[in-house]
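Asker: If you read the sequence shown in this note's numbering, its first letter stands for residue 553, the second for the next number, and so on.
What the hints contain is simulated information worked out from the structure, not anything from laboratory work. Remember, predicted model here, so these are calculated numbers, not experimental data. A couple of the hints might just be wrong.
For lysine to any residue, the following SDA-like pairs were computed, each having C-alpha atoms within a straight-line distance of at most 25 Å [as the list claims (entries may be wrong)]: (1) 754 x 786; (2) 890 x 856; (3) 717 x 701.
Listed next, with one range per pair, are the computed distances between beta-carbon atoms [stated by the list, open to error]: (4) 894 x 617: 18 to 24 Å; (5) 941 x 700: 41 to 47 Å; (6) 565 x 705: 54 to 60 Å; (7) 566 x 939: 23 to 29 Å.
Glycine included, each C-beta is placed from N, C-alpha and C at the ideal position.
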Amino acid sequence: MSYNAKMYGLGSKRSTIREIFEYAKKRGEEIGAENVFDFSIGNPSVPAPPEVNESIIKTVNEVPSVALHGYTSAQGDKGVRDRIAENFTKRFGAELSGDNLYMTCGAAASLTITFHALSCEGDEFIVFAPFFPEYRVFIGGTGAKLTVLPSDGNTMQPDFEALEKALNPHVKGVLINSPNNPSGAVYGEKTIERLTSLLKAKSEEYGAPIYLISDEPYRELIYDKETVVPCVMNYYADSIICYSYSKSLSMPGERVGYIAVNPKAKESKEVYAAVCGAGRELGFVCAPALFQRVAAECDGLTADLSVYKRNRDLLYNGLKDYGYTCIYPDGAFYLFVKALEEDAAAFCERAKKYELLLVNGADFGYSGWVRVAYCVQTERIEKALPLFKKLAEEYKK
């Protein structure tokens with residue numbers, strides 16, 4: 553065989569989400585895109601804040617072309633990293649410097665680099681279902697073991713009893729995603745305190761750190777004033793944050809984010825050096841230079857979140873009225889809905905009769921549920937709701 557069989561397997565079959573996305577485009581060509589209700593992919597539907605385009609224009613006009621489009625340092629422009637770190641400290645009260653930041657090509661690169669930086673032979677990483685399906689690919693690429701633990705079916709908070717049983721000396725890290733994709737659940741302060749207390753105790757028992765890796769591309773997508781996303785660095789020293797500007801600034805195609813290594817970690821400098829080394833080995837050096845600068849200029853801003861809030865409320869309340877069981881999403885732009893039959897795949901197929909394209913929760917490690925991405929135009933939800941009602945009525949006959 554002249555090629556890598558594993559890579560062939562990954563490349564010859566797209567993820568389920570991407571398959572549905574491509575199906576929607578093809579179906580749209582057949583019956584008109586306005587008649588297809590694609591709730592599959594987390595592609596922001598709200599324009600980037602005006603400051604993004606203003607920053608692009610300003611940067612292009614003010615920075616000489618050779619400097620603007622040339623290489624930055626492998627870990628990112630020093631001025632960019634310093635500025636983002638300073639803003640991070642102001643916003644979250646956690647001390648951070650540019651020397652703790654590594655600029656990346658979005659959250660996928662952040663996670664991939666982090667796992668490669670930490671993984672040693674025999675290591676294991678823990679995630680809680682439901683979780684972003686590509687975690688399997690990112691962790692599997694290091695040769696580490698992935699252990700999937702359950703969440704509470706009513707709140708989507710971690711099952712701490714299962715976690716305590718699963719922790720062992722081989723566990724290198726626990727990965728969390730809050731706000732969560734696909735459920736929209738947020739880990740509040742009590743959850744983070746309980747989680748970090750357990751990790752501290754086990755790290756001391758094993759004589760080695762268990763890293764808390766926080767995947768935070770939806771950090772700013774919060775819709776209720778009482779909801780707070782705690783900064784894990786304020787609760788746990790051996791923590792690493794993986795961030796992307798794709799969702800907050802509505803620019804997923806520009807591929808820019810960062811890794812933040814907590815300077816309070818026991819081996820912070822060594823871990824950061826390992827991050828740099830993993831970025832080098834994987835070819836993830838020098839994130840897009842223009843958008844590094846744009847990210848620094850616009851760090852902390854968001855697109856118009858009121859649109860997503862309106863979509864959430866409309867969809868959640870509508871489906872609840874029709875008899876669907878849904879997890880109330882405090883953040884992100886996904887609604888996790890219990891399928892109206894045991895086989896969620898069959899439910900998704902039946903939904904296609906109404907041109908409703910949903911993602912099977914089994915892909916997120918959570919059978920019997922489906923994900924509905926509400927980052928679409930509001931009128932699409934308004935037109936889709938009667939179809940969701942008809943779908944529900946089929947199960948009442």
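Asker: Does each hint fit the structure? Answer for all of them.
Answerer: For each hint, the structure was consulted:
Our distance criterion of 25 Å between C-alpha atoms is met by residue 754 and residue 786, whose separation comes to about 19 Å. Among the hinted pairs, residue 890 with residue 856 is inconsistent with the structure: their alpha-carbon atoms are about 29 Å apart, more than 25 Å. Proximity of residue 717 to residue 701 is assessed by CA-CA distance (about 10 Å); at most 25 Å being required, the pair is judged to hold. Checked against the hint of 18 to 24 Å, the pair residue 894 and residue 617 fails, with Cβ atoms roughly 59 Å apart.
Taking 41 to 47 Å as the suggested C-beta distance range, the pair residue 941 and residue 700 does not conform, at roughly 34 Å. Remark: the range hint 54 to 60 Å for residue 565 to residue 705 is contradicted by a beta-carbon distance near 30 Å. Remark: the range hint 23 to 29 Å for residue 566 to residue 939 is upheld by a beta-carbon distance near 26 Å.
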